[in-house]
Amino acid sequence: KAGVTQTPRYLIKTRGQQVTLSCSPISGHRSVSWYQQTPGQGLQFLFEYFSETQRNKGNFPGRFSGRQFSNSRSEMNVSTLELGDSALYLCASSPGTSGGHHEQYFGPGTRLTVT
Amino acid sequence: AQSVTQPDIHITVSEGASLELRCNYSYGATPYLFWYVQSPGQGLQLLLKYFSGDTLVQGIKGFEAEFKRSQSSFNLRKPSVHWSDAAEYFCAVGTSGGSYIPTFGRGTSLIVHP
Chain G
1 KAGVTQTPRY
11 LIKTRGQQVT
21 LSCSPISGHR
31 SVSWYQQTPG
41 QGLQFLFEYF
51 SETQRNKGNF
61 PGRFSGRQFS
71 NSRSEMNVST
81 LELGDSALYL
91 CASSPGTSGG
101 HHEQYFGPGT
111 RLTVT
Chain Y
1 AQSVTQPDIH
11 ITVSEGASLE
21 LRCNYSYGAT
31 PYLFWYVQSP
41 GQGLQLLLKY
51 FSGDTLVQGI
61 KGFEAEFKRS
71 QSSFNLRKPS
81 VHWSDAAEYF
91 CAVGTSGGSY
101 IPTFGRGTSL
111 IVHP
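Chains as they are written, first to last, in our numbering: chain G, 1 to 115; chain Y, 1 to 114.
In case anyone wonders, no lab produced these hints; they're calculated from the structure. Some clues are possibly wrong.
A short, non-exhaustive set of chain G residues, derived as facing chain Y with CB atoms under 10 angstroms [claimed, not checked]:
id	residue
1	2
2	35
3	44
4	111
5	112
Glycine is no exception: its CB is placed at the ideal position from the N, C-alpha and C atoms.
Sequences are here, hints too, so could you generate the full structure?
Structure (structure tokens):
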């Protein structure tokens, strides 16, 4: 099976702009989670989508949003970028049901730099 | 709510030496436990997992972990470390109900000296 893919891998944006990141999960997985990873805060959960619905949400401002499509692919969007949004954004794929036991498979991440 | 503590921010070992990375969790029932490894600039790779049954779990790359309920621990071990094992290691705990999102520890950075 192909793994989790994320595009783009690297991105440089300017403060105030917006950005959209994409994630394609493992075939058959219905859950996609997004994480922000920074040296200072570690791995922080943003949100999870399951069958096109946001099922869980972390503690991030409304500038961070996401969606999931019928083929389980997911996008996350960050509007009005701030310098502090510079981070590695990781996408994780999971079966999303109790049988999956919460096992997550991660993509390589998108490195976002805000200048 | 569940939580995970990785007490060691950095661990330094010599190549060929044994390794133990500590992980303590807090959760009222039997947890689902995971260890992930992250190489620089990469995503997290699942090393091993514990759901139930045998408390000694074997994973990839020669790693193993032991679930000790009495100590609320799930420590990761490797008998002989290779230079390529240098990376960040994350312990995570999932629960049997509610959210399917695991809680991650802050990570332990492993440095391997030749």
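Does the structure break any of the earlier hints, and which numbers would those be? 1, 5
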